[in-house]
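Protein sequences, first through last, are from chains G and F.
By the working numbering, the letter at position 410 of the first sequence is numbered 410, and the numbering carries on one by one without gaps.
By the working numbering, the letter at position 60 of the second sequence is numbered 60, and the numbering carries on one by one without gaps.
These aren't lab readings, by the way, just hints derived from the structure by calculation.
Treat each hint with caution, since some may be false.
Heads up, the list lumps identical chains together, so a pair's fine if it works in one copy or across two of them.
In silico DSSO-like pairs for lysine-lysine, Cα to Cα no more than 30 angstroms straight-line [stated by the list, open to error]:
1. K393 to K101
2. K33 to K234
3. K394 to K101
4. K236 to K358
5. K198 to K2
6. K166 to K359
7. K214 to K82
8. K167 to K358
9. K234 to K167
10. K112 to K75
11. K335 to K167
12. K214 to K228
13. K65 to K33
The structure presented is a predicted model; accordingly, all values stated were derived computationally and were not measured.
2 protein chains.
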Amino acid sequence: MKDVVVIGGGAGGVPAAIRAAQLVGEVAIVESKDFGGLCMNRGCVPFGHMMVASGIIGAISFGKKVGLSVKEVSKDYPILKKRQDELIDFMRMGVTTTLKKNNVEIIQGKGKIAGKGKFDVDGKTVSCRNIILATGSGWLKPDFPGGDLEGVINSDDLLNADELPKKVLLFGRSPWLLEIAQFLNRFGSEPLVATPDKSIIPEESKTIRSRLRKVLKDEGIDIKREAKIAGASKAKGGLSVELNSKEGSETVTVDKILYIERAGSLKGLGLTSIGLDENGEYLEVNDKMETGAEGVYAIGDLTGPQSRHYSHFSSEGGIVAAENAMGLDSSMNPKTFTRVLFTQPQVAGVGLTPKEAKKAGHDVVVGAAPYGMNPFGMLISENEGIVEVVAEKKYGEVLGAHFIGAGAAEMVGQAILAIRMEATLEELATTSFPHPTLSESLAEAARDALGRHIYLP
Amino acid sequence: MKDVVVIGGGAGGVPAAIRAAQLVGEVAIVESKDFGGLCMNRGCVPFGHMMVASGIIGAISFGKKVGLSVKEVSKDYPILKKRQDELIDFMRMGVTTTLKKNNVEIIQGKGKIAGKGKFDVDGKTVSCRNIILATGSGWLKPDFPGGDLEGVINSDDLLNADELPKKVLLFGRSPWLLEIAQFLNRFGSEPLVATPDKSIIPEESKTIRSRLRKVLKDEGIDIKREAKIAGASKAKGGLSVELNSKEGSETVTVDKILYIERAGSLKGLGLTSIGLDENGEYLEVNDKMETGAEGVYAIGDLTGPQSRHYSHFSSEGGIVAAENAMGLDSSMNPKTFTRVLFTQPQVAGVGLTPKEAKKAGHDVVVGAAPYGMNPFGMLISENEGIVEVVAEKKYGEVLGAHFIGAGAAEMVGQAILAIRMEATLEELATTSFPHPTLSESLAEAARDALGRHIYLP
């Protein structure tokens, strides 16, 4: 009998299976489609790759300032797409190889729970000690009039197409829309972004939100907020869309509407067979990734709203679930949940924003250091970049850090580690980061919060 | 009477003066030339700027892989140089503004110590409570036959020239030579590097050294090791150089020989007037930046061999010296001394290498994670990149971390913080870094050291 059966071979399921096997468990993993899940096949990896290309276009454009000029950049999407597909194939192969090397049994098929201590793959029921549900999320149907028209696509469709749309409306709540919009804009398409919310990155601090908005606007990417598609219909040359937003009402003609809304798919997992509710937006778990049913864990997109659909959140959960299933006592660290956006400049945030920290009852201090005052930031003209540190006043414990600028997705690692280690502002302020780097601004932001910045005016 | 007089307005002196003033000291700073010192005027900043340009050339070249091709890159050095000079002017202005805003008195002139509790500027003697020596380092004369020829230059001369040399021999022990060589190579010059030592980055771990060597070689930059210039003489078209090295003997004709060797200039500082020795290679200080003489501190290049000439080492020392001079009890953290190299790929190292850790008597464990197995690393083809973590076995305390790859200079910040906070391998291994980033490899390297890597084959 298997000790652990993982249902879903994506960013959460794979590390869960490997970790359980390391702890000398008999482990199987069930996957109905491609190993690597959304992230590797249709998410972080292909879009990350596009953002790499997008960053190079940004670098070429910056090059003029330092004496490097090119007449014309030819942009060949099929070449990019081919490399992307090859990389994904290679990574997918790597995943199955690693699973096999760790003696994880691979089961191709559609898995679900079949009552306490049992799972079912395509009609065959098998017993097991623990189940880790890692089935991810699925597409929600567009909910606007005309949402079922042919030109309304999701990001899978975008990736499958051989060429990029010429003019496209990106609509939804996913921060991904900003990455895709910037890529499309730089690759010669004409993107328009609209979100039903007040911001497309509502969880970021106000400082970060307004700076990103400015950069994108300067680049020609407008974001319509509090937007609603009143209707979409076929028109000459594509789709005619009636768009109402805070910015006014307008009718736009586009080739495509790219709609991204996802949620955990609770139905079809056999949750009711073990007494769990399958009607929620997502499956509730505790910090140990335990569901309400004994021996059943759940991780990743299945366990949180779209704003938590990050692959590192899945993989951390996977390792925690595997360790608990194998008898250890592990927990997620809710304080280090991190958001990232691979636009140029990148955006990254960990922990509490100033507003959230106040709301949580802390006596809050905030410090900031703009990259426009940082030597390396000046070299790369990172004028809209900034790092903001949030702490509580009494002990100076760091509660959050928020970045916009080059390399934010890597630099946030320092703040994650600071929060993980319960570092104080004093400790951050006296950490000697190398010169000339943007990291120096993290120490300076901490000094700013302590009222003793050195290099800021 | 001044509480603190800082002699030298460079990367160490400026933060020293500001920090002392923040602690409500009456402070003066003495500078004979340009505020900002070597780093800002003739070091990290201009060379950092060149490395930014060099990185863009690298990015353009990589672009082909993702469908971005350009016919030709025109390289206009005067444009780069103009921006560089403007940035330096701007930063220099920023330094004096910040000093004034902090009520630091600025004294232009050549300062030295004039006995206990006294300093002298251009012949005028004034009393003060504490002195912080921050005069940096100076050029050593080339010690090879022909070293006094016109074509033998240092990096100041390179920066002052309006155009780049066509063919140049870079000779010495400074890792900077590698940055400059890569820049020159990418900007159309023909560099040849030679070092008297076994390696030009002898302090880096073996893994890092061999990988950097390979990348540079693939790019066409050869490094001659254990090299000696047997003689240099004027020849048609420049200098004829007899070069002996591990790789053999040869005669090369070059436009210029770029020679970088620097040491603290102990003479002329009035050290003997307070009983200190002015004959050493550098001035000995303890972790509090105290010299042997009461009330006299020294920081930066003056206090270490060339391998310690890093501006962040100076600024950390400056803050520590200022705090001690103002009655606090501060120390440098010897465990977090960091080396960085802004080549592409970047190199960064903090703490002990495996060899050093063994030599220090630790029971050592080492883990590594190559970027060739990291999803983001694959996207950017960072095949020679790697992170290596060094720890002691019993408690798993992290002792060092060594990086080669994109963004190493920023990512090393995570390791600096880990060492600063006395993090263990277990803590690093369970830190959730965002996906897809190179930072994930730091956690994976820690897991590798613990014998439980997840994603490595």
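Indicate which option fits the pair K214, K228 if close means a Cα-Cα distance not exceeding 30 angstroms: within, between, both or neither.
Within one copy only: 22 angstroms inside, 55 angstroms across.
Intra- versus inter-subunit Cα pairing at 30 angstroms for K112 with K75
neither (44 angstroms within a copy, 60 angstroms between copies)
Give the relationship of K198 and K2 under a CA distance limit of 30 angstroms: within one copy only, between copies only, both, or neither.
neither (48 angstroms within a copy, 55 angstroms between copies)
Homomeric proximity label, K393 with K101: Cα distance no greater than 30 angstroms
between (49 angstroms within a copy, 26 angstroms between copies)
Are the CA atoms of K234 and K167 at most 30 angstroms apart within a copy, between copies, both, or neither?
Answer is within; shortest intra-copy Cα gap is 14 angstroms, inter-copy 64 angstroms.
Could you place K214 and K82 in one of the four classes (within, between, both, neither) given a Cα distance threshold of 30 angstroms?
Only across copies: K214 and K82 sit 28 angstroms apart there, 33 angstroms inside one copy, limit 30 angstroms.
Within, between, both or neither: K33, K234 at alpha-carbon 30 angstroms:
Neither. Shortest intra-copy (33 angstroms) and inter-copy (71 angstroms) distances fail the 30 angstroms Cα cut-off.
Within a copy, between copies, both or neither: which one fits K394 and K101 at a CA-CA cutoff of 30 angstroms?
between (50 angstroms within a copy, 29 angstroms between copies)
Intra- versus inter-subunit Cα pairing at 30 angstroms for K166 with K359:
neither (44 angstroms within a copy, 62 angstroms between copies)
Alpha-carbon proximity context of K236 and K358, limit 30 angstroms:
neither (52 angstroms within a copy, 73 angstroms between copies)
Checking K167 and K358: alpha-carbon separation at most 30 angstroms within a copy, between copies, both or neither?
Result: close neither inside a copy nor across copies, 42 angstroms intra and 61 angstroms inter.
Can you tell me if K65 and K33 fall within 30 angstroms by alpha carbon in one copy, between copies, both or neither?
between (47 angstroms within a copy, 29 angstroms between copies)
Of the hints listed earlier, those the structure fails to meet are numbers 2, 4, 5, 6, 8, 10 and 11, in rising order.
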